[in-house]
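K.L.:
Protein chains in written order, with the numbering used here: chain A, 1 to 112; chain B, 1 to 165; chain C, 1 to 399.
Don't read these hints as lab results, they were simulated from the structure.
Check before you lean on any hint, since a few could be wrong.
As the list claims (entries may be wrong) - Computed from the model, here is a short list of chain A residues facing chain B with C-beta under 8 Å:
hint: 1; residue: PRO15
hint: 2; residue: MET45
hint: 3; residue: GLU48
hint: 4; residue: SER74
hint: 5; residue: ALA81
hint: 6; residue: ALA85
hint: 7; residue: ALA90
As the list claims (entries may be wrong) - Each computed DSS-like pair below joins lysine-lysine, with the alpha-carbon atoms no more than 27 Å apart:
hint: 8; chain 1: A; residue 1: LYS97; chain 2: C; residue 2: LYS142
hint: 9; chain 1: C; residue 1: LYS63; chain 2: C; residue 2: LYS31
hint: 10; chain 1: C; residue 1: LYS31; chain 2: C; residue 2: LYS307
hint: 11; chain 1: B; residue 1: LYS163; chain 2: C; residue 2: LYS142
As the list claims (entries may be wrong) - If you want the footprint, here are the derived chain B segments under chain A, 3+ residues with CB under 8 Å:
hint: 12; stretch: 49-55
hint: 13; stretch: 58-64
Here a beta-carbon is modelled for each residue, glycine too, at the ideal position from N, C-alpha and C.
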Amino acid sequence: MPNDFPIPLPAPAVPLAWYLILSAILFTLGVAGFLFRRNIITVFMSIELMLNAVNLTFVTFSYRLKQVDGHIFSFFVMVVAAAEAAVGLAIILTVFKNRSTLEIDEVSSMRL
Amino acid sequence: MDGLLFLTFAAIAVGCAINLVLQTHPISSALSLVGVMGSLAVLYLLLGGEFIAAVQLIVYAGAIMVLFIFVIMLLNAGAEKRPTRRVVALWVSLPLLFTLIALAALLIESQAPKTEVVRFGGFSGGSALAVGRALFTSYLLPFEITSILILIAILGAVVLARKEI
Amino acid sequence: MNFFLISLIKTAVVLFALLTTLAYLQWIERKVLAHIQLRPGPYRVGPHGLLQPVADVLKLLTKEGVMPPGANSFFYLLAPFLAVAVSLVSIVVIPFGPQVEIFGVQTNLGLTDLNIGVLFILAISSLGVYGVALGGWASNSKYSLLGCLRSSAQMISYQLPLALALAAPLLLVNTLDFRQIVEAQGGFWLGFFPKWNVFAGPFPQLFSFVIFLIASFAETNRVPFDLPEAESELVAGFHTEYSSLTFAAFFMSEYANMVTVCCVATVLFLGGWQPLWPAAYGSDYAPALLFFAAAAALFYHGAQALKTRMWDRFSFPVFGVVFLLLGGLFLVPVLQPVLIPLFWFLAKAGLLIFLFIWIRGTLPRFRYDQLMRFAWTFLFPVAVVNLLVTGLLVALTSK
Chain A
1 MPNDFPIPLP
11 APAVPLAWYL
21 ILSAILFTLG
31 VAGFLFRRNI
41 ITVFMSIELM
51 LNAVNLTFVT
61 FSYRLKQVDG
71 HIFSFFVMVV
81 AAAEAAVGLA
91 IILTVFKNRS
101 TLEIDEVSSM
111 RL
Chain B
1 MDGLLFLTFA
11 AIAVGCAINL
21 VLQTHPISSA
31 LSLVGVMGSL
41 AVLYLLLGGE
51 FIAAVQLIVY
61 AGAIMVLFIF
71 VIMLLNAGAE
81 KRPTRRVVAL
91 WVSLPLLFTL
101 IALAALLIES
111 QAPKTEVVRF
121 GGFSGGSALA
131 VGRALFTSYL
141 LPFEITSILI
151 LIAILGAVVL
161 ARKEI
Chain C
1 MNFFLISLIK
11 TAVVLFALLT
21 TLAYLQWIER
31 KVLAHIQLRP
41 GPYRVGPHGL
51 LQPVADVLKL
61 LTKEGVMPPG
71 ANSFFYLLAP
81 FLAVAVSLVS
91 IVVIPFGPQV
101 EIFGVQTNLG
111 LTDLNIGVLF
121 ILAISSLGVY
131 GVALGGWASN
141 SKYSLLGCLR
151 SSAQMISYQL
161 PLALALAAPL
171 LLVNTLDFRQ
181 IVEAQGGFWL
191 GFFPKWNVFA
201 GPFPQLFSFV
211 IFLIASFAET
221 NRVPFDLPEA
231 ESELVAGFHT
241 EYSSLTFAAF
251 FMSEYANMVT
261 VCCVATVLFL
271 GGWQPLWPAA
281 YGSDYAPALL
291 FFAAAAALFY
301 HGAQALKTRM
311 WDRFSFPVFG
321 VVFLLLGGLF
331 LVPVLQPVLI
341 PLFWFLAKAG
351 LLIFLFIWIR
361 GTLPRFRYDQ
371 LMRFAWTFLF
381 PVAVVNLLVT
391 GLLVALTSK
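All chains, please: the whole structure from these sequences, using the hints.
P.N.:
What follows is the structure, given as structure tokens:
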């Protein structure tokens with residue numbers, strides 16, 4: 001890259017903290033989506049976003065410690081997310097079948 | 001080059017995540033999530049996790065999200081009807097969100113040593129060989145248990161989504 | 001910098017060759033189908049219809065693009081380009097030949113050399129479902145939606161036997177890198193029998209090969225698994241509402257998927273660029289002899305052309321001369337290390353593509369429930385058993 005590039009680019013290596021900050025941002029956005037959206041499926045997708053952010057943290061620390069265990073944990077998180085997605089979407093289908101609505105505010109018959 | 005790739009794909013990931021939260025139609029949110037997963041796969045490649053990057057694309061982006069899109073199409077989910085957003089909530093929540101992210105960033109920056117950098121090729125232990133070896137030696141028990149977990153999930157999904165005739 | 005320049009040149013060459021191949025693959029398909037059905041096929045546009053693809057491209061480019069009312073325009077336009085992008089990307093990991101030296105530059109005949117080549121192909125084929133699913137859904141039409149749901153369900157159902165059939169030869173070669181897989185299939189038994197994976201010990205991968213081919217027929221939506229886009233069933237399935245350039249994109253993505261799958265099968269099962277019999281017994285002259293035989297056939301038929309086919313008297317000898325020159329090209333010693341492995345690879349992949357087209361002209365199509373039942377109750381257990389048997393034999397015979 002030329003030296004007179006308009007914005008200061010980082011050195012060819014990226015500081016490790018930036019990966020962790022990105023993971024924190026994604027996790028926060030996932031929490032925001034989880035709290036503020038009303039469609040069940042979108043809420044579920046925000047959960048998947050949170051899981052992805054956690055995966056990034058695992059892989060980052062695996063790089064830092066120069067061990068492969070972070071990759072293994074990430075792999076298991078993905079497997080569990082797949083199982084959870086399958087069962088969760090089946091539950092969503094059942095909820096839709098019974099109540100014909102996809103808004104979580106309306107699934108409130110067991111609320112105090 | 002590493003920095004440019006990281007910045008580009010981190011920007012894409014954050015942009016797609018914001019899009020996920022802001023879009024009204026579930027399909028747009030689902031595709032934004034696919035975008036997040038794709039950019040995360042590239043970031044895993046930069047961190048030396050080639051096996052995890054491939055598995056992310058195969059399992060997450062290629063199977064789980066297809067399942068999401070199937071269900072959205074099946075249920076014919078339309079765009080969310082937005083209630084009138086309370087201005088107070090918006091003016092309070094967004095600055096709080098930024099403050100939370102800024103605090104998290106500051107905390108991370110203060111804890112992480114400045115000399116730790118990520119170079120492409122700095123970690124070569126994320127290959128399929130290394131992951132496979134670890135999976136079948138140190139982590140054999142969790143591996144077998146996840147197979148049972150997946151079996152339970154299959155049974156649960158089939159039972160729950162069955163048509164009651 | 002040198003590496004980037006070489007990669008750029010290789011990418012340009014491969015892209016150009018691939019796009020031309022895709023256009024002329026359509027001509028080959030129409031000609032082969034026609035001759036199976038005892039009719040001439042495209043015949044008038046250029047000698048024996050050779051300019052038909054050009055005419056088709058011009059037609060598709062100049063057609064009016066109609067978007068159905070109520071269609072989600074962003075996804076309607078995104079879907080075909082997603083399909084094309086995903087299907088063109090997978091050609092990147094396939095090795096076409098060994099490391100050669102062209103004009104003093106050492107380079108692999110192939111675009112990249114990924115450590116996880118096989119996983120990359122699996123990932124890209126998983127992403128191929130999105131083009132189909134989005135295209136059908138965004139068209140806001142009953143036929144498209146039905147076609148896209150059926151097609152995506154079919155694609156993800158057959159991805160499992162595909163992956164299991166892919167995994168079995170990997171047990172024999174112990175690597176995910178395509179180049180190393182091809183190099184592990186070099187050498188000959190008893191001096192003449194090729195050590196391809198289809199014939200390799202301890203368990204010849206014939207079953208894996210057949211399962212892989214069947215699953216890839218379903219993955220690429222080809223007959224006999226093409227119900228989602230059959231004209232008599234669903235108008236045209238998920239690409240009903242697409243016209244002009246977007247339809248061309250879907251068309252191109254289907255052929256590119258077919259080419260990719262044939263190349264992957266060639267590399268994994270048929271030995272990639274390894275020759276059929278050793279070079280010591282003259283396999284280096286096989287391509288030249290083949291082209292000379294084709295030229296001889298063209299000259300013979302050109303001389304015997306009927307009065308109703310006057311054009312053949314002129315065009316056949318011209319093509320005969322072209323083939324003679326091509327055959328002569330294979331005898332040039334400078335070009336031999338590059339052209340001969342390329343010839344073997346393209347011959348094997350071409351045979352598989354011919355098999356795809358041949359089956360299209362021969363077999364009827366499956367009904368949708370038969371298709372899904374076949375995948376889950378027959379192909380998937382057979383693939384699992386095949387993998388188990390391979391693993392068992394490898395474990396028993398390894399030291």
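K.L.:
Checking against the hints above, which ones are violated?
P.N.:
Failing hints: none at all.
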